[in-house]
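Novice: Now for the letters of each chain:
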Amino acid sequence: MDDLEEIRKLKARYFRGLDSKDWALYEDVFTEDVVVDLRVAGGELYRGRDQFMAYARGLKLVQSVHQGHMPEIELISATEATGVWSFEDYNLWEDGSQNHGYGHYLETYAKAGGRWRIQTMKLSYLRIDRGEWAAPTFVAGVQKLGHLHGANPARP
Amino acid sequence: MDDLEEIRKLKARYFRGLDSKDWALYEDVFTEDVVVDLRVAGGELYRGRDQFMAYARGLKLVQSVHQGHMPEIELISATEATGVWSFEDYNLWEDGSQNHGYGHYLETYAKAGGRWRIQTMKLSYLRIDRGEWAAPTFVAGVQKLGHLHGANPARP
Amino acid sequence: MDDLEEIRKLKARYFRGLDSKDWALYEDVFTEDVVVDLRVAGGELYRGRDQFMAYARGLKLVQSVHQGHMPEIELISATEATGVWSFEDYNLWEDGSQNHGYGHYLETYAKAGGRWRIQTMKLSYLRIDRGEWAAPTFVAGVQKLGHLHGANPARP
Chain A
32 MDDLEEIRKL KARYFRGLDS KDWALYEDVF TEDVVVDLRV AGGELYRGRD QFMAYARGLK
92 LVQSVHQGHM PEIELISATE ATGVWSFEDY NLWEDGSQNH GYGHYLETYA KAGGRWRIQT
152 MKLSYLRIDR GEWAAPTFVA GVQKLGHLHG ANPARP
Chain B
32 MDDLEEIRKL KARYFRGLDS KDWALYEDVF TEDVVVDLRV AGGELYRGRD QFMAYARGLK
92 LVQSVHQGHM PEIELISATE ATGVWSFEDY NLWEDGSQNH GYGHYLETYA KAGGRWRIQT
152 MKLSYLRIDR GEWAAPTFVA GVQKLGHLHG ANPARP
Chain C
32 MDDLEEIRKL KARYFRGLDS KDWALYEDVF TEDVVVDLRV AGGELYRGRD QFMAYARGLK
92 LVQSVHQGHM PEIELISATE ATGVWSFEDY NLWEDGSQNH GYGHYLETYA KAGGRWRIQT
152 MKLSYLRIDR GEWAAPTFVA GVQKLGHLHG ANPARP
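Chains as they are written, first to last, in our numbering: chain A, 32 to 187; chain B, 32 to 187; chain C, 32 to 187.
Hints may be right or wrong, so weigh each one.
Any copy will do: because identical chains look the same in the list, a pair fits if it lies in one copy or spans two.
Result set (DSS-like, lysine-lysine): computed pairs, CA atoms no more than 27 Å apart in a straight line [unchecked claim]:
1. Lys175 / Lys153
2. Lys91 / Lys142
3. Lys40 / Lys153
4. Lys153 / Lys142
Hints listed in this document are in silico derivations from the structure and should not be mistaken for laboratory results.
Computed from a predicted structure; not experimentally measured.
Using the sequences and the accompanying hints, generate a full structural model.
Specialist: Spelled out as structure tokens, the structure:
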């Protein structure tokens, strides 16, 4: 059960790092040789953390919202696990366009040095709504989210 | 704790089976004599898995998105449990209409042969937005979701 | 693990109590001297359960939807814990305006008399969409949600 909880928190840091643009936190959820497959979602295949992080850091996002739901995590061995998550993402891009999507992650995890990390990550969408809808009334902006950064921003 | 995790994963298969139209996976989350009460949600009462599955398979959905949130699961005995979930659903129908809803599931679970299944399921909505909004930019279509099917689609 | 599960269910009652307007359930998730900080979200700082509950009960909501996602809960001692949650809220106000928001809770919890409660709660938004959108097709209305009230509304 501790491994399951560690993997759920790993994925929580993945989402929190991405939406608060805490790249140090985000980068650390992946193994060095992670493979990220965005091809079914209309994107590319990334080999290795450096290649994927160059892509992630280059995204022209004003603000992103990512939610994970309904994890199905299975331990395959003491150091290997799989995970299925449903997710929702809602992104505001620098050019004013927005997309609101719904889909699934299929993932594997590896444990090394006592830490679980994402080893492979594959994404697909059930549906995407895309548009130039009215701008949101409020956007925190990624530069104002330092209070969400770090290992545990709730710690007093 | 293992029972709680099994019930959470049971409900995850419920959602994944429904949205990927993996009817074999979906059907197997219910007991044979399941009672599904959709009356508060404006629907019918279904007695037995066969009756409910005939209804579910007949839904004229192009694509559905269902998310579960915030489970409150309690073990009543070694073979009985209850669950409260909040949920969100977002459905695209064959006639072009769409509904986006928010509500709760009230459920009971039964364990037999080492497996938990849904024994009763009751649904209610806090709110439903319904419309003929702009069609989504991308819809996977239920025929293209085979990669989400089966007991563990994340397994390499 | 039992403590983590108790804290997750505590937060589930927080959301369920708020959306079904079960104020007895809602009030009981807070310590008497809870501090609720809504300043980053454009609101006020509330000291003590009575002060915060006066604010909460006075909200002019026709209906609210609150979802919690991706908990990161850490036990600091046998009676202290921290939690990070992402959330989504969708509110319909008596004047017809609506807001749909996405953000995070940063919280601490205290255990006393065998029960965990929220000790501090801080809220921030990534994004808020606000408008006078078309009224929803269906709104349960807070007076029709008695079936969601109480410690365990799923109990037969």
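Novice: Sort out which numbered hints this structure fails and list those numbers smallest first.
Specialist: Checked against the structure, the only hint that fails is number 2, while the rest are satisfied.
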